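Peer 1: The primary structure of each chain is shown beneath.
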Amino acid sequence: MTDYNQMEMMIVIAARELENGATVGVGTGAPCAAAMLAQKTASPDLVIMFEAGGISPELPEMPISVGDSRTFYKASQAGSMGTIMSSCARGFVDYTFLGGAQIDMYGNLNSTVIGDWESPKVRLPGSGGANDFASFCWKMMVMTPQDKRRFVEKVDFLTTPGWLEGGESRKESGLPENAGPYKIITNMAVMDFEPESKRMRVISLNPGYTFEDVQENCGFELLRLEDLPLTPAPTEEELYILRNQVDPGRVVIGR
Amino acid sequence: MTDYNQMEMMIVIAARELENGATVGVGTGAPCAAAMLAQKTASPDLVIMFEAGGISPELPEMPISVGDSRTFYKASQAGSMGTIMSSCARGFVDYTFLGGAQIDMYGNLNSTVIGDWESPKVRLPGSGGANDFASFCWKMMVMTPQDKRRFVEKVDFLTTPGWLEGGESRKESGLPENAGPYKIITNMAVMDFEPESKRMRVISLNPGYTFEDVQENCGFELLRLEDLPLTPAPTEEELYILRNQVDPGRVVIGR
Amino acid sequence: MDVLDRGKGAVFTDPDPDKLRAFFQKKSRIKTDKTMTLKQAVKTFVNDGDYLAIGGFGANRTPVAACHEIVRQGKKNLGFAGHTSTHDMQILSAGKVYSKIDMAYGVGLEARGLSGCSRKYIESGDVEVSEWTNYALSVRLQAAAMGVPYLPMRSMLGTDTFKFSGAVAADCPFTGKKMALVPALSPDVTFIHVHEADIYGNARFEGIAVADLELASASKTLVITCERIVHHEEIAREPHKTQIPYFIVDAVVEVPYGAYPGTMPNEYFSDEAHLKEWMTKEKDPEAFEAFLKEIIFDCEDFNAYIDRNGGLEKMRRLRRTEFLTNGEGE
Amino acid sequence: MDVLDRGKGAVFTDPDPDKLRAFFQKKSRIKTDKTMTLKQAVKTFVNDGDYLAIGGFGANRTPVAACHEIVRQGKKNLGFAGHTSTHDMQILSAGKVYSKIDMAYGVGLEARGLSGCSRKYIESGDVEVSEWTNYALSVRLQAAAMGVPYLPMRSMLGTDTFKFSGAVAADCPFTGKKMALVPALSPDVTFIHVHEADIYGNARFEGIAVADLELASASKTLVITCERIVHHEEIAREPHKTQIPYFIVDAVVEVPYGAYPGTMPNEYFSDEAHLKEWMTKEKDPEAFEAFLKEIIFDCEDFNAYIDRNGGLEKMRRLRRTEFLTNGEGE
Chain A
308 MTDYNQMEMM IVIAARELEN GATVGVGTGA PCAAAMLAQK TASPDLVIMF
358 EAGGISPELP EMPISVGDSR TFYKASQAGS MGTIMSSCAR GFVDYTFLGG
408 AQIDMYGNLN STVIGDWESP KVRLPGSGGA NDFASFCWKM MVMTPQDKRR
458 FVEKVDFLTT PGWLEGGESR KESGLPENAG PYKIITNMAV MDFEPESKRM
508 RVISLNPGYT FEDVQENCGF ELLRLEDLPL TPAPTEEELY ILRNQVDPGR
558 VVIGR
Chain B
308 MTDYNQMEMM IVIAARELEN GATVGVGTGA PCAAAMLAQK TASPDLVIMF
358 EAGGISPELP EMPISVGDSR TFYKASQAGS MGTIMSSCAR GFVDYTFLGG
408 AQIDMYGNLN STVIGDWESP KVRLPGSGGA NDFASFCWKM MVMTPQDKRR
458 FVEKVDFLTT PGWLEGGESR KESGLPENAG PYKIITNMAV MDFEPESKRM
508 RVISLNPGYT FEDVQENCGF ELLRLEDLPL TPAPTEEELY ILRNQVDPGR
558 VVIGR
Chain C
12 MDVLDRGKGA VFTDPDPDKL RAFFQKKSRI KTDKTMTLKQ AVKTFVNDGD
62 YLAIGGFGAN RTPVAACHEI VRQGKKNLGF AGHTSTHDMQ ILSAGKVYSK
112 IDMAYGVGLE ARGLSGCSRK YIESGDVEVS EWTNYALSVR LQAAAMGVPY
162 LPMRSMLGTD TFKFSGAVAA DCPFTGKKMA LVPALSPDVT FIHVHEADIY
212 GNARFEGIAV ADLELASASK TLVITCERIV HHEEIAREPH KTQIPYFIVD
262 AVVEVPYGAY PGTMPNEYFS DEAHLKEWMT KEKDPEAFEA FLKEIIFDCE
312 DFNAYIDRNG GLEKMRRLRR TEFLTNGEGE
Chain D
12 MDVLDRGKGA VFTDPDPDKL RAFFQKKSRI KTDKTMTLKQ AVKTFVNDGD
62 YLAIGGFGAN RTPVAACHEI VRQGKKNLGF AGHTSTHDMQ ILSAGKVYSK
112 IDMAYGVGLE ARGLSGCSRK YIESGDVEVS EWTNYALSVR LQAAAMGVPY
162 LPMRSMLGTD TFKFSGAVAA DCPFTGKKMA LVPALSPDVT FIHVHEADIY
212 GNARFEGIAV ADLELASASK TLVITCERIV HHEEIAREPH KTQIPYFIVD
262 AVVEVPYGAY PGTMPNEYFS DEAHLKEWMT KEKDPEAFEA FLKEIIFDCE
312 DFNAYIDRNG GLEKMRRLRR TEFLTNGEGE
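Chains A, B, C and D, in that order, give the protein sequences.
First residue of the first sequence: 308, per our numbering; consecutive thereafter.
First residue of the second sequence: 308, per our numbering; consecutive thereafter.
First residue of the third sequence: 12, per our numbering; consecutive thereafter.
First residue of the fourth sequence: 12, per our numbering; consecutive thereafter.
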């Protein structure tokens, strides 16, 4: 069995979710690595879009910024934020990967403040394009380490919509229909959302972890499938491509 | 005294209204001839805009269409209808020239139907960009022959806003403030609008016409200045430039 | 939202962005070779009853070849976005292919005069009409392009154009000012003519855009006709020049001189003599029928029409007109 | 209009389009030579208390030179449009020039980490904050650009981002769906960096537009900084390439390498070492103060800053990085 680190595991799992011919709105770092890996493995026709305007580039290396020159290298179009976000709003973008300092059981994300908004302990960057992507893209995914401080009962600030308060609440909010959080990928497990309650649910365990490990590192009660399959470990081919073609500088996987 | 026809007279009067450095949204025909004449006489820095996207072209000849290649020949920008109309909406465009089959005492224009809308006697082109230009541009002008069938008590269809029902009615309609009809130029006279009532008012008479001539050829009661000055006749220079540099093919002035 | 006033004109298309989203969710995003003939594109993508839109400005960068083919195939009961429409509407009226129209500008051919054929068809009572302005239709397309059901604007207010439109008036919650809200317009099928496209549909043009960027994004199905197909590498070399990205495009059709007898910027100027021929023929129903037979129904394709009208020699002359060099070599 | 919900965040600028119209009515439309130095442009057009916007995307085609000059001249109490802002906000925070911010993205430098200086300044309580998303600010600018007081959109709904914004929720009169309405944002003064402009202000750039087209049109005063001034004839030869027309531009400033240490597409790539130097220095207040003195306050102009950071030789290397040819000739 090949050795791999947890970041590599998460990127590989994420890449497998991106089927050929899908569109994905990504940021820099792990999401971009996952999209590039998908393109170099099962999904050569995966279409990458960056919020600042880059559409379907041939990424020559990992971008540093979602607006740098790499994001529209040999692209189909170097458009604008309006081009991208209006495409997302019209339902053209299937996936997006987002992150945050906190996530709750409905997949709501906080990237605005830790503590009280009026007098924050820590001020974070804010929504950026995350709230927009999460509102518009059909399936929102998160890659994040499994950690009690991240998986919280209630986010300090609801920056970016998941299923809001669960049930039908997202639909009632006015957000576009049938879009929402889809998969949460951590170092320990893969989660989806139970269709009725929209609560986070463990659907597979990464090699080496039990459900109890996941629950212990989560600040709220997780649902689970009765029989929990094992998340398939990264293959040698996936790791080879990730390490040698996607991120040879180990900018992301070296973290 | 030089001989001139009524179209030449109207174009010359209109051209004099366009001060240097102003912006004007024009269509084809007489308005465009007036703008070109202004550029070649007192207003070299008059900026011409066409609704389809052409901004500040160096017109090599009279355009046939407000979207043909001449409308953006050596232009500053070949934009879009959105570029032009949003510039008008933001208050960047000072003048526009419009026309129509009918005009009433408040400067409202009809270019949609003669007769009843449901079963028209004659179907006309509709608003086109006229309603938009008249809503947005600060000062709307009309060049038209003085004729009872054109100057009517009530337009069959109010396509394009003048002062609506006069008084404060335009302001109350929600249209942008302080914009509206400014001058009406006919073969017989020049009219403006009385500031309170917003009714059409004769302010000068073209050579050879009396106020009675104008009133007889108008379907509603005209206001007038007490002392009506004579509209200065076209100068030889104006006519020379109009005939030789603006419209040598006599496309407009030969009508 | 408090509606202060509502026009009585029809809204022919559904402004619901969630329905548009559901449609686009199923559209392929893969870069595949989308080239086909115009005959095939019209056959595949234009269905009787569809709502149709035509790019350009009447007789400027307008997909005239597509209009001919739609008439040739005898499509019926279309809806039509009559924004800045002149010669395109004249052709479609000749074929009586539409029965509903959002009318902003039609019937006329600008300074050239009125089209008898378009006018007669609209006056016939066989066409349901809704009134708008050119910019209102542009903003309606923009609403669809942005995935919202309406946008506010400040023209149309106070006029009969508003009353016979499908717009709504409502106060702004920030300023209290009355706005005209216009519903999103998403055509079922749209044809846009451009200078260059790759086989996937990435497209670019020169000169004014009119409302084509909004229109391209608003449309459920988009057919690009182009003067010439270029290699994708050419597009990828300068991606900031791409105005229409491939993933919103369904078909790419190479039709040289596809905007004739209209103007194509930096390519050829309009053929005013032939446009005049149209307007003269329109006056006599029999002569007009024979004319249509000759220039549309008896033509196998657009090349046959170009040949009938003077072929490449005529095109060369119109190119000289476009570049203002008429005087030489004629 | 029935307001269903209203965010409690401040709206720092007046969304009234009639006030904007009155302002623009008085602006000269004449093509005059608008070139000046950056010092002069900042002195003339940036007043304490103004609402400021910066083009580009944080460290991509961003008018960094303008940010330095604003700090160097010690402007105070500005409002700031924090859309996609990274290194620009870091510089402006270092100078503490703003006291109000529309925050969509700030504090961070994307994958590079967080700016200690920006964060500390926002956390200090000296800055009034309103929350938005990147696209919301782009749509707010678009509203101002279109001369309407608001536009509807479908993000922000259901979140605290909405609650702490100045947006309003209201039902659509066509579909009954709830929309977020965002008020027009018209900055008092904006700086946008481009590749080329003529002396009148006609401007064009390569690569992505971010929100710069909306921003340019929305702004009451617009200063273009450019890599190089080109002759007007060059603009007039291909007017469809012009993205910003001269009549909305107040000043043109030639600043080669004006986006350094950020990326300028097809010109130079970002200087990651220097951006890291910023983030390291930020950690120690004294070192940071000395650093700012060295790179901003003691620099006569931006050329001095470029020289301090490696001058033309460094620029040549960053050009090679931009074109992915690092390996050779180093």
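None of these hints come from the bench; they were simulated from the model.
In this text the structure is predicted, and so the values were computed from the model without any measurement.
Don't take each hint at face value.
SDA-like, lysine to any residue: derived pairs with alpha carbons at most 20 angstroms apart [to be verified]: (1) Lys-287(D) with Gly-124(D); (2) Lys-189(D) with Asp-25(C); (3) Lys-381(B) with Gly-124(D); (4) Lys-381(B) with Phe-334(C); (5) Lys-287(D) with Gly-561(A); (6) Lys-490(B) with Thr-517(B); (7) Lys-111(D) with Thr-451(A); (8) Lys-19(D) with Lys-111(D); (9) Lys-455(B) with Glu-365(B); (10) Lys-19(C) with Ala-329(B); (11) Lys-54(D) with Ile-307(D); (12) Lys-381(A) with Phe-334(C); (13) Lys-174(C) with Lys-381(B); (14) Lys-30(D) with Glu-479(B); (15) Lys-455(A) with Asn-524(A); (16) Lys-42(D) with Ala-329(B); (17) Lys-381(A) with Lys-111(C); (18) Lys-38(C) with Glu-324(A); (19) Lys-381(B) with Ala-33(D); (20) Lys-131(D) with Val-429(A); (21) Lys-347(A) with Thr-542(A); (22) Lys-446(B) with Lys-30(D); (23) Lys-111(C) with Trp-424(B); (24) Lys-42(D) with Glu-365(B); (25) Lys-111(C) with Asp-423(B); (26) Lys-347(A) with Pro-539(A); (27) Lys-287(D) with Ile-240(D); (28) Lys-107(D) with Lys-30(D).
Peer 1: Hints first: check each against the structure and report whether it holds.
Peer 2: Now for the hints, and whether the structure bears them out:
1. Under the criterion of a C-alpha separation no larger than 20 angstroms, the hint pairing Lys-287(D) with Gly-124(D) is consistent with the structure, at around 10 angstroms.
2. Our distance criterion of 20 angstroms between C-alpha atoms is met by Lys-189(D) and Asp-25(C), whose separation comes to about 17 angstroms.
3. For the hint linking Lys-381(B) to Gly-124(D), the alpha-carbon distance of about 47 angstroms lies beyond 20 angstroms, and the restraint is violated.
4. Distance check on the hinted pair: Lys-381(B) and Phe-334(C) sit about 12 angstroms apart at the alpha-carbon level, within 20 angstroms; holds.
5. Note on Lys-287(D) and Gly-561(A): the hinted pairing holds, with a Cα-Cα distance of about 18 angstroms set against a maximum of 20 angstroms.
6. At roughly 18 angstroms between alpha-carbon atoms, Lys-490(B) and Thr-517(B) fall within 20 angstroms of each other, so this suggested pair holds.
7. Taking the CA atoms of Lys-111(D) and Thr-451(A), the gap is near 33 angstroms; set against the 20 angstroms cutoff, the hint is violated.
8. Distance hint between Lys-19(D) and Lys-111(D) is fulfilled; the C-alpha atoms sit about 15 angstroms from each other, no more than 20 angstroms.
9. As the CA atoms of Lys-455(B) and Glu-365(B) are separated by approximately 38 angstroms, the hinted pair breaks the 20 angstroms bound.
10. Between the alpha carbons of Lys-19(C) and Ala-329(B) the distance comes to roughly 38 angstroms, so the proposed pair goes past 20 angstroms and is violated.
11. Straight-line distance between C-alpha atoms of Lys-54(D) and Ile-307(D) comes to about 16 angstroms, which keeps the hinted pair within the 20 angstroms bound.
12. Between the alpha carbons of Lys-381(A) and Phe-334(C) the distance comes to roughly 33 angstroms, so the proposed pair goes past 20 angstroms and is violated.
13. Note on Lys-174(C) and Lys-381(B): the hinted pairing is violated, with a Cα-Cα distance of about 40 angstroms set against a maximum of 20 angstroms.
14. With a C-alpha separation of about 17 angstroms, the suggested pairing of Lys-30(D) with Glu-479(B) holds against the 20 angstroms cut-off.
15. Distance hint between Lys-455(A) and Asn-524(A) is fulfilled; the C-alpha atoms sit about 5 angstroms from each other, no more than 20 angstroms.
16. For the given pair, Lys-42(D) sits about 11 angstroms from Ala-329(B) by alpha-carbon distance, which is consistent with the 20 angstroms threshold.
17. For the hint linking Lys-381(A) to Lys-111(C), the alpha-carbon distance of about 43 angstroms lies beyond 20 angstroms, and the restraint is violated.
18. Simply put, Lys-38(C) and Glu-324(A) have alpha-carbon atoms about 19 angstroms apart, close enough for the 20 angstroms limit, and the pair holds.
19. For the hint pairing Lys-381(B) with Ala-33(D), the CA-to-CA distance comes to about 30 angstroms; that exceeds 20 angstroms, so the pair is violated.
20. Taking the CA atoms of Lys-131(D) and Val-429(A), the gap is about 9 angstroms. The hint holds against a cut of 20 angstroms.
21. With a CA separation close to 14 angstroms, the supplied pair Lys-347(A) and Thr-542(A) stays within the 20 angstroms bound.
22. The hinted pair formed by Lys-446(B) and Lys-30(D) meets the criterion: a straight-line CA distance of about 17 angstroms does not exceed 20 angstroms.
23. Among the hinted pairs, Lys-111(C) with Trp-424(B) is consistent with the structure: their alpha-carbon atoms are about 15 angstroms apart, no more than 20 angstroms.
24. For the suggested pair Lys-42(D) and Glu-365(B), the alpha carbons sit about 13 angstroms apart, so the restraint of at most 20 angstroms is met.
25. Between the alpha carbons of Lys-111(C) and Asp-423(B) the distance comes to roughly 19 angstroms, so the proposed pair stays at or under 20 angstroms and holds.
26. Pair hint Lys-347(A) plus Pro-539(A) holds up; C-alpha atoms about 19 angstroms apart against a cutoff of 20 angstroms.
27. This hinted pair does not check out: Lys-287(D) and Ile-240(D) have alpha carbons roughly 31 angstroms apart, beyond 20 angstroms.
28. The straight-line distance between the Cα atoms of Lys-107(D) and Lys-30(D) is roughly 29 angstroms, outside the 20 angstroms bound, and the hint therefore fails.
Comparing the model with each earlier hint shows violations of hints 3, 7, 9, 10, 12, 13, 17, 19, 27, 28; every other hint is respected.
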